[in-house]
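A.B. asks: Take a look at the letters that make up each chain.
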Amino acid sequence: MRQVPVIGPIRRGLQSDFALRFRRSRNAMIGSVLVSIVLVVAIFAPWLAPYDYEQINMLAIWRPPGGEHLLGTDALGRDVFSRILIGARVSLTVAGSVLAITLTIGVTLGMIAGYFGGWAETIIMRTVDIIFAFPELILAILVAAVLGTGTTTVIIALSLVWWPGIARLTRSLVLSLREEMFVDAAIASGTRSWRILLRHLLPNIASPIIVRASVGVGFIIMAEATLSFLGIGVQEPTPTWGGMIRDGLAALRTDPHLALFTSLALAITIIGFNLLGDGLRDLLDPKVRDQ
Amino acid sequence: MSVREPLLQVDGLTVEFATLRHRLKVLEDVSLTVHPGEIVGLVGESGSGKSVTAMSVMGLLPDIAGVASGSIGFDGTELTGLSRKAMREMRGRDMAMIFQEPMTSLNPVHTVSFQIGEVLVEHFGASPAQAHAKAVELMAAVGIPDAARRALDYPHQLSGGMRQRVMIAMAMACQPKLLLADEPTTALDVTIQAQILDLMRSLRDQFNMAILMITHDLGVIAQMAERVVVMYAGQVVEEGTAAQIFDRPAHPYTRLLIRSIPSARHKSARLDAIPGSTPSAHAFPQGCRFHPRCPEAVDRCRTETQALHGLPEGRSSRCWRSLEALQDTVAAS
Amino acid sequence: MTMALLEVQDLTKEFVVERSLLGAQRATLRAVHNVSFKMAPGETLGIVGESGCGKTTLGRLILRLLDPTGGSIRFDGQDITHLSLRQMRGLRQDIQVVFQDPYSSLNPRLTVRAIIGEPLSNFGFSTAEITRRVGEVMEVVGLQPDTMDRNPHAFSGGQRQRIGIARALALRPKLIVCDEAVSALDVSIQAQILNLLADIQQEFGLTLLFISHNLGVIRHVSHRIAVMYLGEIVELATERDLFENPLHPYTRALISAVPEADIHERTERVPLDGEIPSPVNPPPGCPFHTRCPIARPRCGSDLPDYREWSPRRMVRCHFPGEALPTFAETATERALP
Numbered sequence: 001m002r003q004v005p006v007i008g009p010i011r012r013g014l015q016s017d018f019a020l021r022f023r024r025s026r027n028a029m030i031g032s033v034l035v036s037i038v039l040v041v042a043i044f045a046p047w048l049a050p051y052d053y054e055q056i057n058m059l060a061i062w063r064p065p066g067g068e069h070l071l072g073t074d075a076l077g078r079d080v081f082s083r084i085l086i087g088a089r090v091s092l093t094v095a096g097s098v099l100a101i102t103l104t105i106g107v108t109l110g111m112i113a114g115y116f117g118g119w120a121e122t123i124i125m126r127t128v129d130i131i132f133a134f135p136e137l138i139l140a141i142l143v144a145a146v147l148g149t150g151t152t153t154v155i156i157a158l159s160l161v162w163w164p165g166i167a168r169l170t171r172s173l174v175l176s177l178r179e180e181m182f183v184d185a186a187i188a189s190g191t192r193s194w195r196i197l198l199r200h201l202l203p204n205i206a207s208p209i210i211v212r213a214s215v216g217v218g219f220i221i222m223a224e225a226t227l228s229f230l231g232i233g234v235q236e237p238t239p240t241w242g243g244m245i246r247d248g249l250a251a252l253r254t255d256p257h258l259a260l261f262t263s264l265a266l267a268i269t270i271i272g273f274n275l276l277g278d279g280l281r282d283l284l285d286p287k288v289r290d291q
Numbered sequence: 001m002s003v004r005e006p007l008l009q010v011d012g013l014t015v016e017f018a019t020l021r022h023r024l025k026v027l028e029d030v031s032l033t034v035h036p037g038e039i040v041g042l043v044g045e046s047g048s049g050k051s052v053t054a055m056s057v058m059g060l061l062p063d064i065a066g067v068a069s070g071s072i073g074f075d076g077t078e079l080t081g082l083s084r085k086a087m088r089e090m091r092g093r094d095m096a097m098i099f100q101e102p103m104t105s106l107n108p109v110h111t112v113s114f115q116i117g118e119v120l121v122e123h124f125g126a127s128p129a130q131a132h133a134k135a136v137e138l139m140a141a142v143g144i145p146d147a148a149r150r151a152l153d154y155p156h157q158l159s160g161g162m163r164q165r166v167m168i169a170m171a172m173a174c175q176p177k178l179l180l181a182d183e184p185t186t187a188l189d190v191t192i193q194a195q196i197l198d199l200m201r202s203l204r205d206q207f208n209m210a211i212l213m214i215t216h217d218l219g220v221i222a223q224m225a226e227r228v229v230v231m232y233a234g235q236v237v238e239e240g241t242a243a244q245i246f247d248r249p250a251h252p253y254t255r256l257l258i259r260s261i262p263s264a265r266h267k268s269a270r271l272d273a274i275p276g277s278t279p280s281a282h283a284f285p286q287g288c289r290f291h292p293r294c295p296e297a298v299d300r301c302r303t304e305t306q307a308l309h310g311l312p313e314g315r316s317s318r319c320w321r322s323l324e325a326l327q328d329t330v331a332a333s
Numbered sequence: 001m002t003m004a005l006l007e008v009q010d011l012t013k014e015f016v017v018e019r020s021l022l023g024a025q026r027a028t029l030r031a032v033h034n035v036s037f038k039m040a041p042g043e044t045l046g047i048v049g050e051s052g053c054g055k056t057t058l059g060r061l062i063l064r065l066l067d068p069t070g071g072s073i074r075f076d077g078q079d080i081t082h083l084s085l086r087q088m089r090g091l092r093q094d095i096q097v098v099f100q101d102p103y104s105s106l107n108p109r110l111t112v113r114a115i116i117g118e119p120l121s122n123f124g125f126s127t128a129e130i131t132r133r134v135g136e137v138m139e140v141v142g143l144q145p146d147t148m149d150r151n152p153h154a155f156s157g158g159q160r161q162r163i164g165i166a167r168a169l170a171l172r173p174k175l176i177v178c179d180e181a182v183s184a185l186d187v188s189i190q191a192q193i194l195n196l197l198a199d200i201q202q203e204f205g206l207t208l209l210f211i212s213h214n215l216g217v218i219r220h221v222s223h224r225i226a227v228m229y230l231g232e233i234v235e236l237a238t239e240r241d242l243f244e245n246p247l248h249p250y251t252r253a254l255i256s257a258v259p260e261a262d263i264h265e266r267t268e269r270v271p272l273d274g275e276i277p278s279p280v281n282p283p284p285g286c287p288f289h290t291r292c293p294i295a296r297p298r299c300g301s302d303l304p305d306y307r308e309w310s311p312r313r314m315v316r317c318h319f320p321g322e323a324l325p326t327f328a329e330t331a332t333e334r335a336l337p
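Residue numbers (my numbering), protein chains in the order written: chain A, 1 to 291; chain B, 1 to 333; chain C, 1 to 337.
By construction, these hints were calculated from the structure, which means they are not laboratory data.
Don't take every hint at face value.
As the list claims (entries may be wrong) - Stretches of chain C that chain B covers, calculated by requiring three or more beta carbons in the stretch to come under 8 Å of a beta carbon on chain B:
| id | region |
| --- | --- |
| 1 | 68–81 |
| 2 | 154–165 |
| 3 | 180–188 |
Don't be surprised by glycine CBs; every beta carbon is placed ideally from N, CA and C.
The following block holds chain A by itself, in its conformation from the complex (with noise of 0.2 Å):
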């Protein structure tokens, strides 16, 4: 006999619940403050950036912090400020470009590996099994070598070693929903496949890989970043955050700011987007939830 719980949080009203939770969850409202600040800064870089970020002035290189330019210049003259803003939305387009492909590829063959089962599911997993098993960086390079550098071999590496992970997810969450008797019932009221999987299954799942996604662009922004100080990246003169540091690192013993302050922003990035996945899973789990 299932255990209906006596007492619950009042049922109607499950949105306003979300809300008060949220207020309630520092890990959430910390993460989203960064996030916002972060996307912000992205969306508004070219009209918030004080100089051209490409300007280079020769006799202003490797100015310190403050005076006219906020956070100094680098071995160009160009502002770093402005390139740090610049470089938030590289990061970001390659970020956002990443999930988009990842999670639509990862969840169409998750669930479909998932629901269907057979053959379907040998293909796909062990696919996912193979990719696994190289080291994520050394498959980037390998794309990377292949097709050149650029921001779309960029997007290109992260996303093929980015799917298997959404599409492991997919399935497992798509496997333990398969035992839930909603899905039986719409099988058994004649509902076509394709159907349970976007009616049914889809909406049910869409709050873990959402979790996932969130607490995944830190990781694939600082993969991007990996890649861009390697020099296998996004090229000059685009700024990235990775190639910044790099550059930032040759100098460090003299001119410590450019790599610091570009570290820096990096990191606000990465911990915004776990704070708001940590936050997010505390509050779409309806284990930690209901507590």
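Mind docking chains B and C on chain A? Use the hints.
C.D. replies: Okay, now just chains B and C, sitting in the frame of chain A:
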């Protein structure tokens, strides 16, 4: 009625739960007594507060809950103000509890003999060898065949009925004066249920242990209990001997509940269903809490809060018309 | 005799529970074994048994949510045993289901309109027509049609079960499989739902296959009853014959074990020791012989035939109807702990 000292005396117990937005009074003015060696049935549907009552007695209320008023007297000790440590010593030694789902109440990584013996090590300082020997003895006593071998099994190796027997063996380890059984047979098949009920009855006879049997199943109550307490919406609505409750129920809820059960002994043409659904603690009705579902409700029931009051022959009811109703049944018979 | 609406012949379902490394079958679980029965239109057949007896698997086989290992299922004259998922779709109009759990059987993210309307939209009804029929069927099951745009969580357990019944009724099916349809409900609500099912059966001339572990409920709803034990039907008879004059020792033990909500009916229980054997390794001969109070050596070696005892009455026992000891008689021999 005997004048013995009651073993358990719950008096005017009110328990509140604090949720995100509300303070919910899940129990209000609950009173019941259990005498030594007596089997008392506590019956109610989901949300009636029967399990919360048991948890309050055991001192196992969740953190968000608190006793707002009332008292719980057990064997001369007041339990409501007791420290956690004193309560822990009391549990297992003087009172024990068994639950509906024996799998989740047993630790999967220890053998059953270890878990039964643990209580003895804890409360009596028994050595591991003594504890094991006693565990095997207890398992045999609760009807587990081949107990010496079974004692080394892990919970997952046992069937549901056997696990419940292990739970009972654990509860019996210190020969408690009171056993609280919360839906002990609800998860079991009917033939296994019959075995477990027989076992509980025979243990009571042997050790003069009182049992508070908490269940939604009036059939189990009818077969086991000497006295019955009926709960509805966080309150006791009726209390009396099994004969009084089943033959001449005084409260309309009890009357309707008994009539709504399909019998396996005779074919019933149509069941007397109770309309509506059980209220939740968020919205207990004003006046008599049963009035929205009661076919006999009049204006007074809707407005006037009802108190549990005594009736002839030592029984009590929360319906102000019970006396009238009982006189009618006497006149009719 | 009218033609049977549902005819099940020697239906068997085995599950592979363990495979070796190379994929060879190592152990099979025999959930349903050689089950045969017929159902006439408009009748209620009760399937009763304890956990693991195969009653739920039987229901899922008939709904074709599972593929049978052997035997056949004929519905309305058509063999549906091996129809594919796609071929079955057309028949879903005629066979519907009500599940036990009113919580997990309704998608929490859909409105009641979408839940009850789903079977209708699957069979091409227009939006306006769906709204009209959802409202209609909600009234039939005692729900207010103006609540159709709420989510299931706004409803109580009993009301949710009404939603589940409304979904099953929406397409006006011929057969509804009720799998423990009232088992998760409080008794006061259970009675409402049982009365509702009786009403709609009468109104729509439905045939019900009612699966339950509760003998009181089964007796109340059924015209005929099949008792299952370890995957087999051990006895099939009319409600009256089965309860007034049970032939199989298991049926008798089962009936005698039911605690009746009446203190004057303290049960004369047939003692039944031990527990149900594992369906992975069922005992040879009669599956019940390990617990049977009248078992003889023959029962341990030969599986009794499923034979017709009297018209419309089947039993699978070598010694049907033989007197059984009751608990009172054996209590003296059994030294209590």
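A.B. asks: Of all the hints given earlier, name the ones this structure violates by number, lowest first.
C.D. replies: The structure conflicts with hint 1 only, although it agrees with all the remaining ones.
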